[in-house]
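Could you slot chain B onto chain A? The hints should help.
Sequences listed follow chains A and B, in order.
Take the first sequence: its position 21, counted from the start at 1, is 21 in the numbering used here, and no numbers get skipped.
Take the second sequence: its position 53, counted from the start at 1, is 53 in the numbering used here, and no numbers get skipped.
Among these hints, one or two may not hold up.
Computed cross-link-like contacts, SDA-like style, restricted to lysine to any residue with a CA-CA straight-line distance of at most 20 Å [to be verified]:
#1 162/A x 7/B
#2 97/A x 57/A
#3 162/A x 99/A
#4 162/A x 12/B
#5 162/A x 100/B
#6 162/A x 9/B
Ranges between beta-carbon positions, derived for each pair [claimed, not checked]:
#7 68/B x 148/A: 43 to 51 Å
#8 10/B x 111/A: 27 to 35 Å
#9 96/B x 96/A: 18 to 26 Å
#10 133/A x 62/B: 22 to 30 Å
#11 98/B x 85/A: 30 to 38 Å
#12 39/B x 79/A: 15 to 23 Å
#13 93/B x 57/A: 20 to 28 Å
I should point out that these hints are in silico values taken from the structure, not numbers from a laboratory.
Heads up, the beta-carbon is just placed ideally off N, CA and C, and yes, glycines get one too.
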Amino acid sequence: MQETQDQMRQPEVTNLPVADERGLISGVLAKDRKATAEFVGRCADWVYPYVVGRLIPRTEIVEDLMQEILLSAWQNLPNFRGDASLQAWILGIARHKVQDYYRKRIHEELQDDEESSPGPAELPRFDLQLDIAAQQQRVQRTLVLLPEAYGLALLWRYRDEKSAREMAELTGKTEKAMERLLARARDCFRRSWNDTER
Amino acid sequence: MTQSDDMDRGFERMFSDFEHAQEQVPSSLKARLYSALVREQQASGPLASLDFSVAAGHGICVFEKLVQIAPIGEKAKSPFFCAVCHARVLAENLENAPIFWPNCPYVAFKNS
Chain A
1 MQETQDQMRQ
11 PEVTNLPVAD
21 ERGLISGVLA
31 KDRKATAEFV
41 GRCADWVYPY
51 VVGRLIPRTE
61 IVEDLMQEIL
71 LSAWQNLPNF
81 RGDASLQAWI
91 LGIARHKVQD
101 YYRKRIHEEL
111 QDDEESSPGP
121 AELPRFDLQL
131 DIAAQQQRVQ
141 RTLVLLPEAY
151 GLALLWRYRD
161 EKSAREMAEL
171 TGKTEKAMER
181 LLARARDCFR
191 RSWNDTER
Chain B
1 MTQSDDMDRG
11 FERMFSDFEH
21 AQEQVPSSLK
31 ARLYSALVRE
41 QQASGPLASL
51 DFSVAAGHGI
61 CVFEKLVQIA
71 PIGEKAKSPF
81 FCAVCHARVL
91 AENLENAPIF
101 WPNCPYVAFK
111 NS
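Only chain A is shown next, with the shape it has when bound in the complex (with noise of 0.2 Å):
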C-alpha cells in the first residue's frame, strides 16, 4: 500500500528513446550549445511542475531552484550511468533539491523557537461543498498568508507524505519539537483558511 502511494507521488515519466538519450547527454557533455539547449529545454518541462508545485505559493524561488537543480544535473552528468531514464535521474535531483531547501528553512524556523508551546489542536473547518479546483485555489491563498517555514512544513507533512520523524531527523531537531511546529503550523493555517472566507 505504501508502495502505490510513493508511486503515486512520483511525476509522471516519459522516457526518451535510450538512443535519443545517450545522444543527447553526449552532446552535453562535449559542451555542444544545441544539444545543451535541448537538454534544458526537456529538463525545465521534467521538473518545473515537480518543483513549483512544491513550493506553491512562494513561487519566487522556483527560478533559483530549477538552476540549481539544472546545475547540478550538468555537474553530475559525468556520472549517469544509465540504470534509470534521463528524466527519473534529474527529478531524483529535484526531489533533494526540495528537500534540502524545505530542510534549511524548516531549520531556520525552529532555531529560535525549541520551547514555544503547541498550539491548539484544533480541526479546521473544511468546506466540503468546495469543489477541487477551488478548494486548490482556497489552499493557496491561505499558504499565502502564512510564515514560509509553516507553509513548507505543511506542504513536507502532508503533500509528499513525510512524517514529523522523518522530518526531525532530516533538519536534525526533536521529534517533540517538529510536532510543535506542525501544530503552530496548522493552527496558523485554520486560522488564515477562514480568514480567506470573507
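Okay, now just chain B, sitting in the frame of chain A:
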C-alpha cells in the same frame, strides 16, 4: 480514530489535490536557464565549435552561420555568441518575444 488522526487525514486530502496541477514552463525561464548553463559550461573550457554542432545534425542560426564560414580559427568559433545577441535579451525578458529566425534556441523555447 483520534482527533489528531482525523486532522492529519483532512490536511492530507486537501494537499493531495495539488498533484493534479500541471504547470507549463515560461519560455523566458527556459531562456535564462539555458544562458546560465552555457555560461557554466564555458567557465570550465571552450564550448564545442559550431562545426561540431552541425556535424551532430543540429541547425545553426543565420548569425552562427556567418561565424562558421568566416575565415577565422576554430578557437574564435567557440564562444557563446548568443551572449551578445538581442534575441537572447528579448527571450530572457519577455514571454512570446518577437524573435522568429530558424535554429535559434531561444525561438525554440518560445515554441515549446
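To see whether the hints hold, each was checked on the structure:
1. 162/A x 7/B: The hint holds at about 15 Å.
2. 97/A x 57/A: 17 Å, holds
3. 162/A x 99/A: The given pair, whose Cα atoms are some 11 Å apart, holds under the 20 Å limit.
4. 162/A x 12/B: Holds: residue 162/A and residue 12/B sit about 11 Å apart, inside 20 Å.
5. 162/A x 100/B: Distance of about 46 Å is beyond 20 Å: violated.
6. 162/A x 9/B: 13 Å, holds
7. 68/B x 148/A: 43 to 51 Å: Since residue 68/B and residue 148/A have Cβ atoms about 49 Å apart, the given range 43 to 51 Å holds.
8. 10/B x 111/A: 27 to 35 Å: Between residue 10/B and residue 111/A, where Cβ atoms are some 29 Å apart, the hint holds.
9. 96/B x 96/A: 18 to 26 Å: With a Cβ separation near 33 Å, residue 96/B and residue 96/A fall outside 18 to 26 Å, so the hint is violated.
10. 133/A x 62/B: 22 to 30 Å: 45 Å, violated
11. 98/B x 85/A: 30 to 38 Å: 36 Å, holds
12. 39/B x 79/A: 15 to 23 Å: 22 Å, holds
13. 93/B x 57/A: 20 to 28 Å: For residue 93/B and residue 57/A the Cβ distance comes to about 24 Å; the hint holds.
Of the numbered hints stated above, those contradicted by the structure are hints 5, 9, 10, listed in ascending order.
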